[in-house]
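Make a model of the complete structure from these sequences and hints.
Protein chains in written order, with the UniProt record's numbering: chain A, 1 to 191; chain B, 1 to 157.
Hints in this document: simulated from the structure, not taken from any laboratory. Computed from a predicted model, the values in this text were never measured in an experiment. Be a bit skeptical, because a hint or two may be false.
[As the list claims (entries may be wrong)] A few chain B residues that don't get close to chain A, going by computed Cβ distances all over 10 Å:
#1 28
#2 82
#3 83
#4 97
#5 124
[What the hints assert, rightly or not] Result set (DSBU-like, lysine-lysine): computed pairs, CA atoms no more than 30 Å apart in a straight line:
#6 A:29 to B:68
#7 A:45 to B:67
#8 A:48 to B:33
#9 B:67 to A:29
#10 A:45 to B:31
#11 A:48 to B:95
#12 B:65 to A:146
#13 A:48 to B:65
#14 A:93 to B:140
#15 A:146 to B:68
#16 B:148 to A:96
In this text, a Cβ means the ideal position worked out from N, Cα and C, and glycines have one as well.
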Amino acid sequence: MFAAENGLKGDPRLEAISRAIRVVPHFPKPGIMFQDITTLLLDHKAFKDTVEIFVDRYRDMDISVVAGVEARGFMFGPSIALAIGAKFVPLRKPRKLPGEVFSEEYVLEYGTDCLQMHVGAVQAGERAIVIDDLVATGGTLSAAIKLLERAGAEVVECGCVIGLPEVKGQRRLDGKPLYILVEPRDIDDCC
Amino acid sequence: MAGIMFQDITTLLLDPQAFKDTVDMFVERYKDKNISVVAGIEARGFIFGPPIALATGAKFVPLRKPKKLPGEVISEEYILEYGRDCLQMHVGAVKAGERALVVDDLIATGGTLCAAMNLLERVGAHVVECACVIELPDLKGRERLNGKPLYVLVESH
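Quick look at the structure:
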């Protein structure tokens with residue numbers, strides 16, 4: 001669900017967050033309008049507001065785990081974790097985490113990729129959220145949910161800054177609620 | 001922090017109080033130093049850099065491996081034990097005269113930190129300090145920083 005439909009309709013912070021995101025056409029390949037959050041990170045107030053919106057939502061939900069998807073999920077997840085008193089668990093590409101890991105493969109447009117989580121990072125029964133910058137098909141988030149569930153955690157929600165049209169109208173991903181701040185922008189909307 | 005042993009920073013992140021204390025120590029050090037840019041090195045620098053940037057009023061700039069940043073970039077190559085690697089920064093992210101920090105989880109040989117500093121200096125920023133959670137002093141990375149100050153919380157031998 002989009003934040004604007006869920007209590008934040010007309011919130012000026014969402015407008016500023018949306019405007020701070022840069023659209024880069026034809027990256028990484030022709031036809032893709034890439035939603036670049038690095039410009040959001042340059043806007044201190046908009047970045048702070050982004051984190052605050054997630055923190056306000058999750059602080060009273062008894063969340064003990066914030067899992068962030070490598071690498072852009074690392075830019076948002078830790079600040080949320082720190083503010084709500086949860087631990088931060090990085091979900092990484094293969095061979096990055098030292099020590100014993102769970103692995104979950106997922107399907108890409110061409111081929112497969114794999115997400116990993118440390119064994120022992122999460123205990124059974126913990127309440128977790130997954131954070132990433134953007135959700136498109138939901139393949140990566142699905143893999144993230146599976147990793148947490150294999151460790152026995154309960155995934156309470158997935159939170160993303162941007163939600164692509166594929167997920168518009170969907171309130172859930174694999175049965176888990178999805179919370180999204182803004183829609184993607186077109187190049188023509190750019191200032 | 002004295003006496004705290006951890007094998008890698010992921011175990012630090014599992015302890016909310018220890019993670020908070022780590023960030024707070026950096027914030028305390030930098031909050032009155034007029035820092036306008038915190039540059040974090042992919043990927044573990046992305047974990048520590050943004051909280052420091054948010055708490056000190058600075059912007060966060062990710063320094064990334066090749067072909068990850070979508071816009072126009074400047075690139076800095078650096079030498080590895082075997083071969084080379086490359087770090088990139090978006091053009092326009094940092095302006096001349098800005099005061100910057102470079103943040104990473106760990107300094108080993110110093111090659112990556114050096115490349116990061118070069119990127120910032122090439123666009124005219126002033127690198128005030130490099131900040132890392134862990135230093136591996138036996139690898140003498142500190143010497144590779146050309147006299148630029150380095151602040152670390154923990155040494156690991």
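Check each numbered hint against the structure and report the violated ones by number, ascending. Nothing - there is no hint that the structure violates, so all of them hold.
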